[in-house]
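Student: Listed in order, the protein sequences are those of chains P and B. Under the working numbering, the residues of the first sequence are numbered 1 to 112, in order. Under the working numbering, the residues of the second sequence are numbered 1 to 388, in order.
Warning: the hint list may mix true and false statements.
[What the hints assert, rightly or not] Chain B stretches covered by chain P per the calculated footprint, using a threshold of three residues with CB under 8 Å from any CB of chain P: (1) 244-252; (2) 343-356.
[Said to hold, decoys possible] Lysine-lysine pairs mimicking DSS-like chemistry, simulated, CA-CA at most 30 Å apart: (3) Lys331/B to Lys77/P; (4) Lys83/P to Lys67/P; (5) Lys148/B to Lys171/B; (6) Lys67/P to Lys331/B; (7) Lys43/P to Lys67/P; (8) Lys271/B to Lys366/B; (9) Lys331/B to Lys27/P; (10) Lys56/B to Lys366/B; (11) Lys56/B to Lys83/P; (12) Lys90/P to Lys240/B.
[To be verified] Selected chain P positions facing chain B (Cβ under 10 Å, derived; list incomplete): (13) Asp22; (14) Gln24; (15) Ser50; (16) Met54; (17) Thr57; (18) Lys67; (19) Glu87; (20) Lys90; (21) Ile92; (22) Arg96.
Hints were generated in silico from the structure; no laboratory data involved. This structure is a prediction, so every number in the text was calculated from the model and none was measured. Every residue, glycine too, gets a C-beta built ideally from N, C-alpha and C.
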Amino acid sequence: MNIIITYKDDTAFIKIVTERFDHQNAKEAKDTLFNIIDNGIHKMVLNLSSMEFMDSTGLSVIVSIFKRISSVNGELKLCPLSKQPTELLKIIQLNRLLTFLDQDECIVTNKF
Amino acid sequence: MKAVILSGGQGTRVRPLTYIVPKPMIPIVERPLISYIFKLLKKHNFSQVIVTVSYKADMLEDHYQNGEEQGMQIAYSLEGSVKNGKIVSKGLGSAGGLKKVQKFADFFTEPFLVICGDALIDLDLTKAMEFHKSHDGVATVICKEVPKEDVYKYGVVVTSENGLIESFQEKPKVEDAKSNIINTGIYIFDPIVLDYIPDNKEFDIGGDLLPLLSELNLPYYAKVPDFQWIDVGSIADFYKANMLLLEKKIKDIKPYGKEIQPNVWVGINCKIDFDSIEIEGPVYIGNSVKIEDGVKIIGPTMIGSGCLIEENVILNQSILFSYTKIHRGLKFSNKIITSKYIVNPDGSFIDVDETNMHFLVEDRRKCYCKITPEEIEILEILQSIYSL
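If we strip away everything but chain P, and leave its shape as in the complex, we get (with noise of 0.2 Å):
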């Protein structure tokens, strides 16, 4: 897992590249953004468009920096996922909560 943080104005984009969201590394990768909650950055933009799989760790991640976020008024964007996450997230509605960019907007954002 490979993850590259860039900053611009108060917002920070996230890519997360790894095939495999999972125990294996959601740990890490939850560390580290809250890591960066807790540095005072409440705008985030995340990347995950690399993973092929999710499981319910890597989904908890995703749902522990939206609670954290929204705790403290922020505000959460994620890029589009590829099939099987978003299956995952559409089958228990959880995508009803999140807030998704287009495909274009993505490009812009990963250009910083």
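Following the hints, complete the assembly by docking chain B onto the known chain P.
Tutor: Positioned in the frame of chain P, the structure of chain B alone reads:
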């Protein structure tokens, strides 16, 4: 009379359910699909039936055995072989399967019926057999009239005025279709046609055998009776068939069990306080089901035997396979749920084992007692979504 049920397919379009059971055994309101076909065959005095099997053949054979309980004699013809204890399928095509049966012991000595194992039908088979015997053809193709806009999904049949089949069009464009009469995959054959099927070769009835008969100038006829034909070829079809059956829209078939109030069927040994739950029929509840207080069930919904629905769950137009446990407070709409998969009617699904989502649904017989703080966090957030 003799019949063959063609059930050798892999059922790829009905995945992931066919990862659990072979396609002919997919449950339509708790009865395997093929049971409905056996019942129809029995009603029309078919007493000797051969089922061509392949994928998960053991499950089917263990269930129906020699056919005594179905009131007929049932034999099986495996399309494949057993290697290292596992069945390795070798598809022969629908016609190749018939040839294999005939080569073994000359089973077919009189006109016989060929029917697919994946449709719910109420066809008058007696009349169909009589029709076959009344004409000079070597085969009868049972056809159905469909709306013109649907022809692209099927093999279209072109006939002369007296029903003689002149040609076929395989899945034509709507504008190219020469008729709206389609082949249902139900046939009656004279044994003579088997002579024209090559040995040990993949050979299809619709694609190879019938065109060959035409080429050889052997006449065969279409019969277009008015009957119900519900194909269960895909997950969407499977979902729809269950819904239709619950809505009593399938002729002669009703859910099994006691109808405790209009459109609510409940099996035996259930633990449900009907004053503490809300039910909008049609709803089928199997045997030994436990439903906790505060649950809301909106029909058509079918809950398989042995399920556990924990408190405050909402189920809307969904199908639960047997022994599924649903964690408290969850809400599912338009889903097919097993202890291993959560499936949408369009066929997309998540694998509960692989994604480790047992805190949502689980096999009731397993004890999944420990829920992690992370999982509690997900469950809490789901609750907040439901109240949006």
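Student: Now look at each hint and say whether the structure bears it out.
Tutor: Going through the hints against the structure:
1. For the segment 244-252 of chain B, the stated coverage by chain P is not satisfied: 0 residues place a CB nearer than 8 Å to a CB of that chain, which falls below the threshold of 3.
2. For the segment 343-356 of chain B, the proposed coverage by chain P is satisfied: 7 residues have a C-beta within less than 8 Å of a C-beta in that chain, meeting the threshold of three.
3. Note on Lys331/B and Lys77/P: the hinted pairing holds, with a Cα-Cα distance of about 25 Å set against a maximum of 30 Å.
4. Between Lys83/P and Lys67/P the CA atoms are separated by roughly 24 Å; this keeps the pair inside 30 Å, and the hint holds.
5. Annotation: proposed proximity of Lys148/B to Lys171/B holds, straight-line Cα distance about 12 Å (limit 30 Å).
6. Pair hint Lys67/P plus Lys331/B holds up; C-alpha atoms about 21 Å apart against a cutoff of 30 Å.
7. Between Lys43/P and Lys67/P the CA atoms are separated by roughly 13 Å; this keeps the pair inside 30 Å, and the hint holds.
8. Of the supplied pair hints, the one linking Lys271/B and Lys366/B holds, its CA atoms being roughly 19 Å apart against a limit of 30 Å.
9. A threshold of 30 Å between alpha carbons decides the hint, and for Lys331/B with Lys27/P the separation of about 28 Å falls inside it, so the pair holds.
10. A threshold of 30 Å between alpha carbons decides the hint, and for Lys56/B with Lys366/B the separation of about 24 Å falls inside it, so the pair holds.
11. For the proposed pair Lys56/B and Lys83/P, the alpha carbon gap of about 29 Å is at most 30 Å, so the pair holds.
12. A distance of roughly 21 Å separates the Cα atoms of Lys90/P and Lys240/B; the hinted pair therefore holds under the 30 Å criterion.
13. For the restraint placing Asp22/P at the interface with chain B, the shortest Cβ-Cβ distance is roughly 8 Å, inside the 10 Å limit, so the hint holds.
14. Taking 10 Å as the C-beta contact cut-off toward chain B, the hint placing Gln24/P at the interface is violated, the least distance being around 12 Å.
15. Below 10 Å, beta-carbon pairs count as interface contacts, and Ser50/P has none with chain B, the closest being about 18 Å; its hint is therefore violated.
16. Nearest Cβ of chain B to the Cβ of Met54/P: about 7 Å, under the 10 Å cut. The hint holds.
17. A distance limit of 10 Å between C-beta atoms decides the matter here; for Thr57/P the minimum to chain B is near 7 Å, and the interface restraint holds.
18. Using the Cβ-Cβ criterion of 10 Å, the hint placing Lys67/P at the interface with chain B is satisfied: the shortest such distance is roughly 7 Å.
19. With 10 Å as the threshold, the beta carbon of Glu87/P comes within range of chain B, its nearest partner Cβ sitting at about 5 Å, so the hint holds.
20. Nearest Cβ of chain B to the Cβ of Lys90/P: about 8 Å, under the 10 Å cut. The hint holds.
21. Taking 10 Å as the C-beta cut-off, the interface hint given for Ile92/P holds, the closest approach to chain B being about 6 Å.
22. A cut of 10 Å between beta carbons decides the hint on Arg96/P: the least distance to chain B is about 6 Å, and the hint holds.
When each numbered hint is compared with the structure, violations occur for hints 1, 14, 15.
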